[in-house]
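Student: For reference, the chains in residue letters:
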Amino acid sequence: MGASQSAGTEHEFQDLADRTGFSLEQIGNINKRFRQLSNNEETLSREDLASIPALDNNPIRAQIINAFFDKRNLHQNETGTVQEIGFEEFLMVMTHFRPAAMGLTEEERENLRREKLRFLFNMHDTDSDGTINLEEYRRVVEELLSKAGTIGQETAKAIADAAMLEVASTTRGKMEPDEFYEGITFENFLQILNTFDIETRMHVRFLHMDTATLRCGKSK
Amino acid sequence: MSVRVALHSPTGSRSFLERGLLLLVMLIFLEGTVLTLGAASSPDISAQDNTGGGHDRRDDHRGIAGSHEHTNYTYTKKAFPVLSLDYHHIQVPFEISLWVLLASLMKLGFHLIPRLSSIVPESCLLIVVGLLVGGLIKLAGEEVPPVLDSNLFFLCLLPPIILDAGYFLPIRPFMENIGTILMFAVVGTLWNAFFVGGLLYAVCQIEGTYLSQVELLPCLLFGSIISAVDPVAVLAVFEEIHINELLHILVFGESLLNDAVTVVLYHLFEEYSGAGEVTPTDVILGVICFLIVSLGGIAVGAIYGILAAFTSRFTSHTRVIEPLFVFVYSYMAYLSAEMFHLSGIMALIACGAVMRPYVEANISHKSHTTVKYFLKMWSSVSETLIFIFLGVATVAGPHAWNWTFVSVTVILCLVSRVIGVVGLTFIINKFRIVKLTTKDQFIVAYGGLRGAIAFSLGYLLDKDLFPMRTMFLTAIITEIFFTVFVQGMTIKPLVDLLAVKKKQEAKRSINEEIHTQFLDHLLTGIEDICGHYGHHHWKDKLNRFNKKYIKKCLIAGERYKEPQLIAFYHKMEFKQAIELVESGGGVKLPSAMPSQVSMQNIQPKKLPPAVAERALPQFTKGREEEIRKILRSNLQKTRQRLRSYNRHTLVADPFEDGWNDFLLKKQRMIELEKKMTEMSNYLTVPAAPPDSPTMCRARLASGDDFKAEKAGAKVIPDPNAFYNIKASSDGVPTIQVDLASPQSPDSVNMLNEFSKRGATDQGLGQREGATRDEDQGLMMKLSSAGKEEKEEGGNKNPGLMRCLSDPGPSNEDEEDEPFLP
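In order, the protein sequence lines correspond to chains A and B. Those letters in the first sequence? Residues 1 to 220, per my numbering, in order. Those letters in the second sequence? Residues 1001 to 1821, per my numbering, in order.
Chain B with its partners taken away, still in its complex shape (with noise of 0.2 Å):
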């Protein structure tokens, strides 16, 4: 955004007037808009105009001071202004807003419209919008300005799509179908490149084209700018289309991969464009030059990916900018590569995938959320203003259409993608062990789309080497719009009328975590049996080496040691507890995991019920209704609560409130339920003495052992069983007594006294245990006994306490009022 911010206005015919009418009407406001911005990537322009232009107009962008100082000494005898329109003072933010604005309302408006969404690809849509805006400028009389400009595409509207493509990228099909996307990045992107730019200049030669004048050099430059498969076209087509995750990556990592071909091709040919000649040993450097720039950006990306990851170690006592280290390291990285040349989309690819594991298990989860919603919400916003963009470049021309070279492009670039595809696949399954079929091939070829990357490489040409760069300008611009509109619009009834795998939507269970896992170590061994290391092994290694010395370094506290498993177990549970918060639910317990199946149903009848988390009693239907009842004046008591509001925190949060709900829920559940299984026990089945979640678990994990319950001696050690029935010898509860205490509106008080005062009681050294504890986030340990109690007295349960907690700003909170609101 700087760029544009720092930059001159050149429209010099404008009076102050014609801008005050303007602000009325939205339409031709946008108009003032596009020339501004589009002034405002062109620099050079616009610094004339405004040496003509007075002191006014230079004097609004040196912002505040400037216009002060300019109204000082103009007035004289003017009455005071008691209201002045100074449009000047607010243009550049404001026309950007309106752009910004204006490509969010467009996203909004196709989803309202479902049927259009349905058949068009957004993609298509925003260019036409951008068409029809340049168009309007147009009729306006106005001069379109190249609002894709090169620095503002690159600087500005491509990193977030990068970084929100590399934090999220699927690190595990990534990895395994590396050699497949290498595959095609770099061979098959320099196939293209030749095999286009080659054949173009064959076409060129011909009599009757009007072309002779191109040379070779430019023709393979133009071959290596079009043949590169564009990341943000793609991502727009394959997310509306939910491809199986194999076609998915394979294309998208091509168009991230082939960044660092296209980089060394372009500078290479630019640079003997002027030369004219190249020699073997030119070539030689090319390839030397490809892979410092390769290799150059993922050491800068996993530099700064590093560094973000050993920063973000230290934030936990300033949790609210933890986001920002995400983005501005990634951003960092993106420059300094692009500062010596290097390949900015792997840098910020690399950046983000390593910092990526590390930082998550550092920051918090409200930061977590933040992350990933300030990274999608700006990736989606560029993604719209470089499709509407892309329209309004193609009306603000210049154009020199060339039909036969124009048509030779797309047709050429079509069957070089599908020669390409199919050669590099017969190679490729040799060694592949799931095998790409010919429908897999033709949705990969297929899929190769072109888009602004092209455009803007295109633009950054220069117009004295490159006489004919509006011709390649038109042609780029034929190219995308032939791939993103006709192949855009046609993939998807191609990928329904193939029948191609789709995307399982299905979001992963934890038996087929436990299985991925146990299928991996399965394949080590498998292979170390066998005798030869193949890739199952060096991932062990890496694995084995990420978790001993990596992870300690830039990790705190204990979380480095938690195994990946555990990792999402915790994460299940954290979502079931969102899930059920938001569901509201008061006695009935929905969750993510069905919720009809209890533990006792698992339970071999030998054993006591470990965890009876789930169980639902059987209330009858009023009964249910009078316990909703009381309990839910009773959490609205708590939640009307004012919490003073702190700017550098985060305390007052509606979704605090709702965990607090959902605690205060689950207590009162699985009170009710001890009294209820501790009753059905006595009407009907014997066995199982109740227990909450927690303590057995807490039981289970400091060793004790489950005779003492079989036994029927429940001792309780939970300060929380306070109103609870205190297990008389012969274990039966009167039922009036029972049901009726955790109802009674008192008793939430009194749990919340009762918290708080075992709290206390636990002494202040332990609480800073518990602040500590905390501070770890999403782990669950319980290591030692004292722990243990803490927790209990705490709350009921740890794990999920645990991954809801947001240490950080809450802490002192937290100690003023341990637990509950």
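The shape of chain A in the complex, shown without the other chains (with noise of 0.2 Å):
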């Protein structure tokens, strides 16, 4: 949809605030950064958030950058992937970002809480079925450690293999020797990240003022 948005006009800005919820300035902002990263084109493409040099540490980068092309945080009820974003698409996966308001009510905060949790239940579940199998699972946990040398990749097997053990064990009770545990679904998802207060913890500070002139990040 709305992928082409040439100069980001005060009406489209006011759009996308009254969809997404961030002011115009953090638009604003979060606008001069997408035009920044994209050498001001209208998309941005892999290599575009790849070549961030401030990422290239990070253990999880493919991870992170995946997600910005992931359908599923992008559309509802989609999956597969995209070669190149818009700007939307850009602020629709800084909406999970965003820090929860004051005075929700329970129902907005368990809905806050399973949008938070459904991105990264995403970013962990890469094939798209609807489960985290064992791979995946230990995929992630490779990953996180990818940057510990040997010992991380030799001890990750371990660690999900255990955090499966738990899931499973949390969230089916008893097994029989010959069930079998196919993989975390999201309702388990839920279920073991239950005394995790995501929605306090996961959310970035999208500043107010303009940042592009700090000069962060990006070398070029």
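Hints should not be assumed to be uniformly reliable.
Label-pair restraints from in silico Cβ distances [said to hold, decoys possible]:
1) A:K147 to B:L1285: 46 to 54 Å
2) B:V1128 to A:R172: 50 to 58 Å
3) B:S1583 to A:A62: 36 to 44 Å
4) B:L1497 to A:E25: 39 to 47 Å
5) A:A50 to B:P1280: 55 to 63 Å
6) A:T105 to B:L1108: 44 to 52 Å
7) A:E106 to B:V1422: 22 to 30 Å
8) A:E25 to B:K1539: 19 to 27 Å
Don't read these hints as lab results, they were simulated from the structure. In this text, a Cβ means the ideal position worked out from N, Cα and C, and glycines have one as well.
Each chain sits in its own coordinate frame; assemble them with the hints.
Tutor: See below:
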């Protein structure tokens, strides 16, 4: 859809602000950053994101970049990936990192929680089949430990296995030896991270002021 | 403690005989205790007494040598005293012990009465006990000594509590809320001090209060003493109400960090009360002083912390004294900071927080437990003593009760606290992402308890400079009592009433840890993409710097490379192992990780199970019993082995035995399990060739792929697999043989022998390798194929074994009898 805003006009920004909950200043800042990253193109490609030098040290860099091009995070009910994203898509991904507003009702809080966890879940569930199976989970942990050298790689499997066992036992209870736990469904995911205050933890501070002049991150 | 011991006794009126009688009666005895203790803390008064008291008294304090000398030149015609009483000889340490005993017994007592302790906080009860003891002393007609002397308090009682708080400070929430905490601690305390002090002065000027002699500066001084939230009181009360982490760290952090403000204000006003005038220059100097006091305190603490961490790098051969370094360096940090009038509390906090991650990585697990227990023990005894002494000091007086002053103080403290918190939160909430709700504000305001620090500071005031000192002390005590009793007792029902979020007791699961890490990196990444450097970015930078340089210097061996997630995993594994040992599980393997699900269940069908660790073999009831019985009898045999006692090592440790039991059991289990899976494989499911977890892990690690296993070529390089069914070509084991062999009593010994032999076979060099490996404590590292082999030969579960290994002292023993008792 609206991947083609030539210049972010007031009206379009206002429209986006209404839909995403960002303030106009924040949208302006993100837009600036978007243009900076895409070299003033309409769309952003994987290479643009991969060229951010600050990301180099991030062990889960590939997963983060993938998340931006994952259709599940952009539109509802679609799977697969896209090659390029426009500003609106970029902003849509960013909405997952908005801090919780004051005075949420229980229901809103729960929805926010689900939405944020869904984002994480989608990052883990690489084949979009609705479950995180052992292979996928192992890969998550391996990536997480990818900066740790050989020790990391050797322990990653054990950790993933232990984590998977934990999920299976907390969600299924007793299992017969010939039963098979096919993977973590989203409901299970919610259950195991029940005490994990995702709604208060998964957020980034989106500044109101203009930071593009600080030249953070992008070396070009 | 040294302070008390070094000082003198004033009890000139007491005879030896009286002392002897006192020995019989515990309560009256306590009285004597108070006397000496009080005397111990006020040397000036007692010095005069002693001049008249004769040398026997003075000799007592010179220690054993002195008293011997004494008896030497007084004996003349008396018969040789078969039994003599020399109470003075042991008086001071004896009475200190009595106080500690009293405190501990009281603590014990409260928890025996569950109903009482659920209504009244412990701190209140302790103060009441103190009041009773003080009252008894008064009844006995003695002068109640000033037990809560400033020296005693600041040098002996306070440091353990603060160190405990600093060492176990939850760094993460603390740093996440550091802005808010600093705001409350600095601005809030300043506001409180000036608001209370200023308005008190105004009230004092009102005619008819008879307080017109109170000047402004003493009022401000009083305000700065009374305005600081007390960490001891806060800890005591907040630990009981189980409030959520955010609120706890806000109030507690504030109480810790406001120390610098209090110290500066205190010295500033004390200094200028004499001079009378404060110029703008003094204010600027005060601000500079504040920076020096706080930052200097942190710097001193950090230096000692780093020194401690560095020292602990080299303690691998003298594990027994490891905990001592933690305590001594921290205490030195505190004393050094106090020497320069820097904030000792901040120094201790910084020291504890800085050294902890490195020290924990370096010291053995047992030392860590020791540190933990000692800190908890000391701090709880200190806390108990402080509250009891507070009660005693209240009785001791002297008091100058002024209704106006006292009531105005209490009211002003409440009002200023509420205004301060609400006002500051209003500002803070503009910057906070997780806003503080009205409920939170209420708890923060209401949780602002005052305590013994205020009292001790007030006690420290010079009588000549401050003629109103007694009135101040009375007001301070009243305020402490008000906050501890009224607020402390009502905060719990209020928390329930307001339904404030409580602390979640659930232990952290491995999934949560994974996601904590994941989220950290994710947020850092998003910040980078967004193009502004938020706190995730800086935290990441700091972490990387820490890993790259600092850890390398401060952590011995290879452990510095270990990422947090792995460390957490090992810790968890270790905890499970301990639980397993403690529960004494036989064939059933109860573990923290619920064991109903085995690796088979989550393993995709196409792959063989890599870790069959927790799989439960399905025995019939009778068979299970039988196996258990045999196992038990074997294990008991091994347990009965005596070990020699060595003062410098900790070999004869029941836990060690337990662990070895566990290892044995686990080994047995794995063997049985193999049989069972193989059997069931044969009988029911195809696939899934059996394997021991270690081997599998090792194999996976060494890059051995599954294909070999899948093909059914069950090459088992495990020497322990001696009596294992050799994977025959058709893979059909005979059932009787399978089950019998591992159960036979001999098999334990065979295993014993075998692992020994296996270890010896691999030569001394590798044994040394093993020792070195274990030196690295909690690490699991399978870097080379050679090591893997050794591990298989040595013990079945390298991860757990390493976790539990206490390398230092027991190394030699492990050399003798490698892995089994």
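Student: Output the indices of the hints that this structure fails to meet, ascending.
Tutor: Hint check: nothing fails, all pass.
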